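K.L.:
Work out the full structure: start from the sequences and follow the hints.
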Amino acid sequence: MTKRIPYFLLVLFLFALARMAPAAEPEPMLLTASAQGRNMEQAVAALGQAIVAHNYTFVRQQAIDSRLVPYAREVRSVRLVYFCNFAKMDRVLRLDPRATQLMPCRVTLVETPSGVDLIAVNPAWVSQNVPALHGECQELKNDYLAILEEASL
Amino acid sequence: MTRFDINRLIVWLALLLSLSARAEPLTVNKEVDMRQALDDIALAAANHELVMVKMQPIDTALAKRGFENPHIRILFIGSESAVRWAEVVEPRLLNLLPLRLTLIQREGRMTVMSDDFEPWLREFPADPAHRMIEAWQAELKAMLDDFVRQ
Chain A
5 MTKRIPYFLL VLFLFALARM APAAEPEPML LTASAQGRNM EQAVAALGQA IVAHNYTFVR
65 QQAIDSRLVP YAREVRSVRL VYFCNFAKMD RVLRLDPRAT QLMPCRVTLV ETPSGVDLIA
125 VNPAWVSQNV PALHGECQEL KNDYLAILEE ASL
Chain B
23 MTRFDINRLI VWLALLLSLS ARAEPLTVNK EVDMRQALDD IALAAANHEL VMVKMQPIDT
83 ALAKRGFENP HIRILFIGSE SAVRWAEVVE PRLLNLLPLR LTLIQREGRM TVMSDDFEPW
143 LREFPADPAH RMIEAWQAEL KAMLDDFVRQ
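Just so you know, the sequences run in chain order A and B. Using my numbering, read the first sequence as starting at 5 and increasing by one per residue. Using my numbering, read the second sequence as starting at 23 and increasing by one per residue.
Please keep in mind that the hints were generated in silico from the structure rather than gathered at the bench. Quantities reported herein were computed from a predicted structural model and do not represent experimental measurements. One thing to keep in mind: the hints can contain errors.
Stated by the list, open to error - Covered stretches of chain B, going by a simulated chain A footprint (3 or more residues, C-beta under 8 Å):
no., region
1, 49-59
2, 67-76
3, 83-91
4, 139-147
5, 153-159
For each residue, glycine too, the CB sits at the ideal point set by N, CA and C.
P.N.:
Following this line, the structure appears as structure tokens:
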């Protein structure tokens, strides 16, 4: 029995090392695309179409300072668009309740002199600390990339 | 391998495991139902000059569509000063705003959990962004402590 202890400890040691090992390919924090030559209204409309085309449901859009200032003072150049896919939401919540950090899906639209930038927090970056969600978050990242690409065409 | 070696190995393992432990979101618990929790959070937020921006009832949204009710809701809270600061100093931090709280109801207990700030702190190691994230985290912690005391 005592002879087995070092082997058990060795396995634990390797497990600890594996947990400390950094991911092979670090994920970027943000996923971005640029809708050149569009105004905010056009960019929001194109994003809405891309969301639906990828089997997601539009939830709402709001200013970045919505409810924090009177409506007339809201910033017009930064808007948040929220959307979700209920089946995916159900699936990730069963894996880990910290999946709410990804909910609802969101794209931030920022008006620039040449168009509108579309920015999303990379779900695979968020899930770095939640290994149970990493597979789902890789898929979600791909969905985001497809939506951003389509919305910026 | 002697007993001394094994003891030393155990100490090293404990150290390694503690180093590999990940930061967790801010979390508090309280024995209240969802309605009372929302009222108490609104009060605590107001005490800390934070505003409830939006409540996302994902429990009813999922149940209405035939999925299992997860008994989870999401709250977005914020402050104008945080938005203005991020706009001027580090616009990438706008992606963290408004701040999110998750309410999880399990057997009469309500768990309220923030997002995990650790990846954000790691991504922004230098001031003033790092200090600002820490300030938001501290503000949220004070608010959650207040919520527990309500």
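K.L.:
State for each hint whether it applies.
P.N.:
Against the structure, the hints come out as follows:
{"no.": "1", "hint": "49-59", "result": "violated (count 0)"}
{"no.": "2", "hint": "67-76", "result": "holds (count 4)"}
{"no.": "3", "hint": "83-91", "result": "holds (count 5)"}
{"no.": "4", "hint": "139-147", "result": "holds (count 3)"}
{"no.": "5", "hint": "153-159", "result": "violated (count 0)"}
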